[in-house]
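Chain by chain, the residues:
Number of protein chains: 2
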Amino acid sequence: MSARHRVVFSPSGHQGSVPDGTILLDAAGSLGAGIESICGGRQLCGKCQISVEEGEFAKYAIRSGAGHLTPIEAREEAYWSARGGSNGRRLSCAARVRGDLSIFVPPESQAHKQVIAKGATERRIGVRPAVRQLYVECERAELDDRRGDWERLQEALREQWGLRGLTIDLLALRHLQSALRDGNHAVSVAVWQDTEILRVQPGYAEGLYGIAIDIGSTTVAGYLSDLRTGELLSTAGIVNPQIRFGEDLMSRVSYAMTNADGTERLHEAITGALNTIVTECVREAGVDPLQVLDFVLVGNSVMHHVMLGIDPVELGGAPFALAVSGGLDLKARDLGITTANPSARVHVLPCIAGQNGADNMAVLLAEAPHRRDRATLVVDIGTNAEILLGYDGRVLAASSPTGPAFEGAQIRHGQRAAPGAIERVRIRPGSFATSFKVIGSDLWSDEPGAVASATGICGSGIIEAIAEMFQAGIIGADGRFSDDAARTCARVRFQERAPEFVLAEASETSTGGPIVVTQNDVRAIQLAKAALFAGIKLLMNRAGVTQAGEIRLAGAFGNFISPRHAVTLGLIPECDLANVIAVGNAAGDGARIALIDRDAREEAKRLANMVEYVSIAVEPSFQDEFVAAMALPGGPDTPPARRRQRRRDAVLAGAGARDGEL
Amino acid sequence: MSARHRVVFSPSGHQGSVPDGTILLDAAGSLGAGIESICGGRQLCGKCQISVEEGEFAKYAIRSGAGHLTPIEAREEAYWSARGGSNGRRLSCAARVRGDLSIFVPPESQAHKQVIAKGATERRIGVRPAVRQLYVECERAELDDRRGDWERLQEALREQWGLRGLTIDLLALRHLQSALRDGNHAVSVAVWQDTEILRVQPGYAEGLYGIAIDIGSTTVAGYLSDLRTGELLSTAGIVNPQIRFGEDLMSRVSYAMTNADGTERLHEAITGALNTIVTECVREAGVDPLQVLDFVLVGNSVMHHVMLGIDPVELGGAPFALAVSGGLDLKARDLGITTANPSARVHVLPCIAGQNGADNMAVLLAEAPHRRDRATLVVDIGTNAEILLGYDGRVLAASSPTGPAFEGAQIRHGQRAAPGAIERVRIRPGSFATSFKVIGSDLWSDEPGAVASATGICGSGIIEAIAEMFQAGIIGADGRFSDDAARTCARVRFQERAPEFVLAEASETSTGGPIVVTQNDVRAIQLAKAALFAGIKLLMNRAGVTQAGEIRLAGAFGNFISPRHAVTLGLIPECDLANVIAVGNAAGDGARIALIDRDAREEAKRLANMVEYVSIAVEPSFQDEFVAAMALPGGPDTPPARRRQRRRDAVLAGAGARDGEL
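In the order they appear, the protein sequences are chains A and B.
Letter by letter, the first sequence follows residues 1 to 662 of our numbering.
Letter by letter, the second sequence follows residues 1 to 662 of our numbering.
A hint or two may mislead.
Heads up, the list lumps identical chains together, so a pair's fine if it works in one copy or across two of them.
[As the list claims (entries may be wrong)] EDC-like, lysine to aspartate or glutamate: derived pairs with alpha carbons at most 20 angstroms apart: (1) K605 - E151; (2) K605 - E155; (3) K331 - E108; (4) K331 - D20; (5) K47 - E139; (6) K331 - E196; (7) K47 - E73.
If you are wondering where the hints come from, they were derived from the structure by calculation, not from laboratory data.
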């Protein structure tokens, strides 16, 4: 019986004994300590490098030293000398075990990598990409072997990597013979989901990238990652060129309905944006576009359909029927993506419902509220507010028709979030002294050196303005300008007998005129926030949740909104302000997770079936909740019955409401 | 217990008893008598119509009558009145069994259809197309059902047709919602291999076609078939536009090698030809191009590669490595086919070897020599002769480098088979009286009314001319002009001391000069036929076959060649002339079989593994056989040892031989 030696791998702690002479890479495999290898143990890729920990390890009862490995031989020497020395490292595919060992596996050599998703809360994501690269050595073509090169490659992949039943993309097949010739019968292949070859390169090659893209109504954002390490290498964001067909979703749907080639033109606009994103991402990362082989695309249901080239008309009205709700695996070229590898694949995440798209599925993947113990709300505010409520393995979803007021539309001086837009507002109760901050400036308007540069009010600005006006007593709980304020506050003026609040004097703007908040502006925000709040309440009622433990605000708007003002205004239910957290572009994060972890795509499939979707429009209690939520503040600070009555009174006394919604 | 009735189906003879009230279509299903249905029993498609045989059927001990079926009701009545009456037919999905019945199922209503492949020998082909059409009724979209229409369609296809795990082509998905809307939630779908939806049409629809295409070096031929009935509806043939890059295969391979965009231009030429074939086929058949959803493509290995867009350079020399040998399933659009449905599929049959392409696999499918009891040779003569030898479950294949002489190249007055080409020759021994027939004329040149229209000699003409010259003693067994004939035959003349035979006097041609057969012409044909014969002999030796029971000549050349002259010249081994049969475009037939019978594609996969390929170039005995086959006649009519010696002497005394081949 041959001698055996103990081997311990750190930091994983995997350990055990192996026969004398075992190759260290094989020892790691048999003991469950995954060490990466692209070249399959041929001392080419260097992904399996490790170092030996020297000394006595009492805990494991071993004495470890570099001398317990076989010495470096010619081939390994060639690898290290080409790289300027080993710096104490060894290739675990070259070294054999000769004695007890403690082996340190550096993070980059670990097979089961994880990356940290940046954001409000860090999250570890497993790196298990859908596309991976494998080095393989094929048999040489011989006159008496009538198999094709593709058949020989399949055989080699079966023998060397255990892959069976493979197909190859036609465009990759076209390069197979020249790659084999140039690589002296060795090639590196990129394999999608262990089923389809997407690329064949001569000899040993590495470099494999993917791009996650979130197609928003306003902005298209791309995230390029290294598919081997999971690392985020570059990002790109552009304005959605569909904007020229309409600012909000419904105007784009109606463009598709009223123009014979409407869907096609909207689709081409998105395709152009995707191609631009790819070009910008690869340029910034310094990556060859042919190395981009995988995409994950998400978007709200209208963007999702238009991106696929599907007429979005059915999404324009009840029953908001999706053409397809499940996840899709496509070829990038069939979507018109021409700036990446022509064999690249695309995965489209599932939609939750007709009004709750693949972007919210991505939010769900990223935020995973169902994995939390306490009731966690995730709110993504856009033209529709998409709402998730999860806890303890359960998740409910809804979409609330807030309309575009939160994006600055339907507001007299509303505008998109851009330099010059007022985004922060303070009004001192009593004196009504008012100051604001615009995007692009660090100074408050009343600070020395502030420049008169305000151009309008963006979504977060109007929320703060109205919340501050309410707290200063300028408007009442019903949203109406108070008679008192009209008398005592010089900033309240009347235009054709309708009151308005002067947020910025003409001297403080770059437009030459004042920027005001009108009674109708207040009403528009009331309607929007009532829709949002009512949607949240319905979900909470359905789930039997009375108190939100945590509220996570997703999306650009969520990033800029002030939690205090959002609660003051009743946009979101009362919650410990420390637990109201902006989580950034959670949809983009979720798309990125699905890009680097193929298991997340399976998870999305499970989630799509698991989510309990609440269709707000058909909930009988929605109207009651909506009416109840019109007043300020919307928080549940008074007993429900009294609160409801008070609010109903306030609303019915109000200046108007959206047709058909009350 | 309810009453049961006996039901007999003719002509299949399936019979048994079913409970009273059973729907006749279900009765047929349970008794194993397949009756077709596209609409799934909804009285829409009319494919299940049958008639009742009236009277006493002693053999089955039943008395049958139309009264033993439930009467025609409103829905069935509507079907028949829209078609001008039932003419005694019933829809078996509407009628219920009320008594004993003898039912006649007309051929068009039988589920397991067969078609007869025309040709020298009739063959029944099962109609089991890869694409079929199904009618399906979906659930209506509802506000509280968040599944997409595609998911609802999948559910309906699972429930109504038992299909699971389906995917849908993106371009078909784009039409799903409008089809559901226009069809009031009922659609007809075209399904490929029970796995992928290729087309969705509103309501009940039929009409599904496929095109089999044989890409020859010279001619591209297409065959459009109805995929439901298997019927051949139209054909189209055009000259392969690659001819402008070179007449023969090797000149095209060298075009690809010597031009940077050579492969691309060759590929585009083929793509253009495929699109023309589709357009001509659908026009002739009066079919909507969108109804063309399946293709089968075959061609020799160079055409196969170029059609796929693969550089054919490796096929230009040993080891003749194919980039891919197995069958391929592709999208027509990825090959540049734009004139059919954009979601159409393509199946490419496997190649047998680098010099024995998918066209010969199609010949193998069509002729199935391995299914015969007696040794059967199938010979397809082109620039390469492709040879199959099969019997009793075994099949051997080889490719012999005959060169282009049989196609009229390398012959002084050789030309392609076209009007004016001499295709038949008679020389009377003794008088040397010579007559010939040209393509495009029914008269022999010595018949009254014959017009002087000869322009050259085509492949079959040169075979006959040399065979007749040999039989008349003008040339000897070694191929040399005999001294006797030079003296006694006025048609033998000398040009620069080289003898030649005047086949057509200047007065008999339209070229103004005579048409002659030179010593070099004889030599070129000797080399070509020796290569062919040696290849055949090698296969026979390998198989232990001494006598061919049957010889089947495939391809255009095989259609025109005279079996007697072919044997006289030693092109093919001796065989009862009644068993030397021209089988036409067997490659096209095989492609058509794979088009209408998906099982044939599986059969091709099995055959590709089963064929014993003999690589002639590496067979040590090839040179011996080649030398032995140079003399005339090549038939095994003398003892081998003496024959071989005699021929070797004859050849070594001859005027020359191809470099490197002797």
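Each hint, compared with the structure:
Taking CA atoms no more than 20 angstroms apart as the test, K605 paired with E151 passes between copies only; the shortest distance there is 13 angstroms, against 34 angstroms inside one copy. Proximity of K605 to E155 under the C-alpha cut-off of 20 angstroms is restricted to the inter-copy arrangement: shortest distance 16 angstroms between copies versus 33 angstroms within a copy. Proximity of K331 and E108 under a CA criterion of 20 angstroms is satisfied in neither setting, with 31 angstroms inside one chain copy and 40 angstroms between copies. Taking identical chains as interchangeable, the C-alpha atoms of K331 and D20 are never at most 20 angstroms apart, the minima being 49 angstroms within one chain and 54 angstroms between chains.
Proximity of K47 and E139 under a CA criterion of 20 angstroms is satisfied in neither setting, with 25 angstroms inside one chain copy and 53 angstroms between copies. For the homomeric pair K331 and E196, the shortest alpha-carbon distances inside one copy (12 angstroms) and between copies (15 angstroms) are both at most 20 angstroms. Only within a single protomer do K47 and E73 lie at most 20 angstroms apart by alpha-carbon distance; the minimum there is 18 angstroms, versus 75 angstroms between protomers.
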